[in-house]
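Residue numbers (numbering that gives the first Met the number 0), protein chains in the order written: chain A, 0 to 131; chain B, 0 to 412.
Read the hints as simulated data drawn from the structure, not as lab findings. The beta-carbon is built from N, C-alpha and C at its ideal position, and this holds for glycine as well. One should not assume that every hint holds.
What the hints assert, rightly or not - What the simulated footprint calls covered on chain B by chain A, stretch by stretch (three residues with Cβ under 8 angstroms from a Cβ of chain A suffice, anywhere in the stretch; the number is not a length):
(1) 353-359
(2) 379-387
Said to hold, decoys possible - DSSO-like mimics (lysine-lysine), calculated; alpha carbons at most 27 angstroms apart, straight line:
(3) B:404 - A:10
(4) B:297 - B:105
(5) A:117 - A:10
(6) A:15 - B:370
(7) B:310 - B:208
(8) A:10 - B:370
(9) A:15 - B:105
(10) A:88 - A:23
(11) B:350 - A:110
(12) B:17 - A:107
(13) B:407 - A:13
(14) A:10 - A:74
(15) A:117 - B:105
(16) A:80 - A:117
(17) A:110 - A:17
(18) B:17 - A:17
What the hints assert, rightly or not - Not everything, but these chain B residues come out facing chain A in the computed CB check (under 7 angstroms):
(19) 186
(20) 341
(21) 342
(22) 367
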Amino acid sequence: MYNELIMDYSKLKKYKGKIEDATKVEEGKNLSCGDEITLYLKIENERIVDAKFEGIGCAISQASANLMIENIINKSIDEVKILIDNVYKMTRGEEYDKSVLGLIEELKSIKDYPMRIKCFLLAWKTLELSFK
Amino acid sequence: MLSKNILSDFPALSRTIKGNRIVYLDSAASTLKPKPVIDKLSKFYLENYANVHRAVHTLASESTQMLEFSRKNFANFLNSSEHEIIFTSGTTMSINLIVESLVRSKMLNENDIVLTTLVEHHANFVPWVRLSKLHGFRVEFVEPSLRFGTLAIDDFLKKDINPKVVAITGHSNVTGQLIDIEKIRNIFPNSILIVDGAQLIPHQRIDVKSLDIDFLCFSVHKMLGPSGIGVLYGKSQYLETLEPFLYGGEMIDKVSVEDVTFNVLPYKFEAGTPNIGGIVGANYALEYLNNIGYDEVKKHILDLTKYAIEKFRNIENVEVYGPLDESHCGILSFNINGIHPHDVAHLLDEKFGVAIRSGHHCAQPLMNVLKSQSRLSQFPNSTCRASFYIYNTYEDINILIEGIKRIKEWFDV
């Protein structure tokens, strides 16, 4: 799991922080470890124009959140929903559309670590929550 | 080290994972099971098993005798009477039973005070907090004042209250601190004293009479036995008057459309078909530990703890929680500055075969205490936890320490 790309993405600072004029702020929690995330989205015309997150977590959760944000900025809500759907399929070990996932696929072996899926999905569940 | 070599009784320890032998340091969550205990339990299921206390045939008689023999041995173990030993599914069920029965019997009323601590695990915390909302009693919390979540006896004296109930752990599942129950009893001579012995009983014999404990709860899966079975000791003067928590078969005397009368103790609190195999297996586990000797078990665990604490002292950027003296037993929680506990636990397993626990250990209030005292750049709301039992060795701790040092290098902290 702990390959170079994941370690690099876990330390990324680019997407960490707060967006003052966010149009959506969503909080997520991982009940197994107490990790929390606050996700800031700036949505204009059904398109995510900026996103950032706050919170601490393990390398897997941080890498996942950074990869997620990198992959949702400048995408429409509908495109993001397709992305989320494919991410969930990947974690369940089901067939998924590789072309949609890009570098997120580096985390595909998460399906073999049932205890770490919650870490990986923390940001994604929070993102999904923000559309409800 | 133990005078008897018992490692071959635990076949899991001779397994290797990715080339490393398993170093099992998660016994505070649940212990491994010895082969002799499993063999005996297997024989019981194959040759003696039937439902208990009902039928008159041979298998039913044998099962009933073996179940009651288990009760007798646990009563001897705790210096109680057999009718004061109730089998439940575990510590959590036992504590829920006590709280609910106290409320139903009006022994815990509106404005009564329950005193507990901020180091409790959720089983001895959540029932009090939730049921206080529903029934109006008040819960007060003792805050640990010594290093990283360590309770001092003076912390209890600070509370100028007269609690109806004092509900306290005998051994913290996070800080590893042993609590002096005798002193707590002396501070609160008139309170109903409930001891959560989930972490304590696996390494210590408790005399409920000499300590004047009113209720004691523990789970068998943390002391080499099956999961899903626990023991609740209750003083008979309370059990006689308490309203049962679960109603159903076997706990009744006469049943009519008007009302129901209850069976005698302990059956009044054991509704339905019990976990028969669990109870019989619990006794086999107890016998196994008694054969080693409880004093030897505790000494072994204290020796390992002392050794581990000394080793940890020499690693930079690591915070060890709980006390540093002989009151620290068997459970070592720590954090490495800048590395999340889940990453530490995952890498220890994957690269070194070391099984530890990471997370909030079902003790979220204590995580808040640790967070307020931590000197880490960011406290992760959780900790790593290595816990030791009879099958661990100094070599296991050396492997853990080596793993931690290597992980620190990888993360460059």
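Status of the hints after comparison with the structure:
For the segment 353-359 of chain B, the stated coverage by chain A is satisfied: 3 residues place a CB nearer than 8 angstroms to a CB of that chain, which reaches the threshold of 3. Given a C-beta distance limit of less than 8 angstroms, the hint that chain A covers the segment 379-387 of chain B holds, as 3 residues qualify and 3 suffice. For the hint pairing residue 404 of chain B with residue 10 of chain A, the CA-to-CA distance comes to about 20 angstroms; that is within 27 angstroms, so the pair holds. Restraint check: the Cα-Cα separation between residue 297 of chain B and residue 105 of chain B comes to about 39 angstroms, which exceeds 27 angstroms; the hinted pair is violated.
Of the supplied pair hints, the one linking residue 117 of chain A and residue 10 of chain A holds, its CA atoms being roughly 19 angstroms apart against a limit of 27 angstroms. For the hint linking residue 15 of chain A to residue 370 of chain B, the alpha-carbon distance of about 22 angstroms falls within 27 angstroms, and the restraint holds. For the hint pairing residue 310 of chain B with residue 208 of chain B, the CA-to-CA distance comes to about 39 angstroms; that exceeds 27 angstroms, so the pair is violated. The hinted pair formed by residue 10 of chain A and residue 370 of chain B meets the criterion: a straight-line CA distance of about 22 angstroms does not exceed 27 angstroms.
Simply put, residue 15 of chain A and residue 105 of chain B have alpha-carbon atoms about 53 angstroms apart, too far for the 27 angstroms limit, and the pair is violated. At roughly 26 angstroms between alpha-carbon atoms, residue 88 of chain A and residue 23 of chain A fall within 27 angstroms of each other, so this suggested pair holds. For the hint pairing residue 350 of chain B with residue 110 of chain A, the CA-to-CA distance comes to about 19 angstroms; that is within 27 angstroms, so the pair holds. Note on residue 17 of chain B and residue 107 of chain A: the hinted pairing holds, with a Cα-Cα distance of about 20 angstroms set against a maximum of 27 angstroms.
Taken as a hint, the residue 407 of chain B and residue 13 of chain A pair is honoured in the structure, with Cα atoms around 24 angstroms apart against an allowance of 27 angstroms. For the given pair, residue 10 of chain A sits about 24 angstroms from residue 74 of chain A by alpha-carbon distance, which is consistent with the 27 angstroms threshold. Taken as a hint, the residue 117 of chain A and residue 105 of chain B pair is broken in the structure, with Cα atoms around 42 angstroms apart against an allowance of 27 angstroms. Proposed proximity of residue 80 of chain A and residue 117 of chain A is supported: the alpha carbons are some 19 angstroms apart, at most 27 angstroms.
With a C-alpha separation of about 31 angstroms, the suggested pairing of residue 110 of chain A with residue 17 of chain A is violated against the 27 angstroms cut-off. Only pairs whose Cα atoms come within 27 angstroms are accepted, and residue 17 of chain B paired with residue 17 of chain A is rejected, the gap being roughly 42 angstroms. Using the Cβ-Cβ criterion of 7 angstroms, the hint placing residue 186 of chain B at the interface with chain A is not satisfied: the shortest such distance is roughly 32 angstroms. Nearest Cβ of chain A to the Cβ of residue 341 of chain B: about 4 angstroms, under the 7 angstroms cut. The hint holds.
Taken as an interface hint, residue 342 of chain B checks out: its beta carbon lies about 5 angstroms from the nearest beta carbon of chain A, inside 7 angstroms. Interface restraint check: residue 367 of chain B against chain A, minimum CB-CB distance 10 angstroms, threshold 7 angstroms, status violated.
Figure legend: structure checked against the earlier numbered hints; hints not met, in rising order: 4, 7, 9, 15, 17, 18, 19 and 22.
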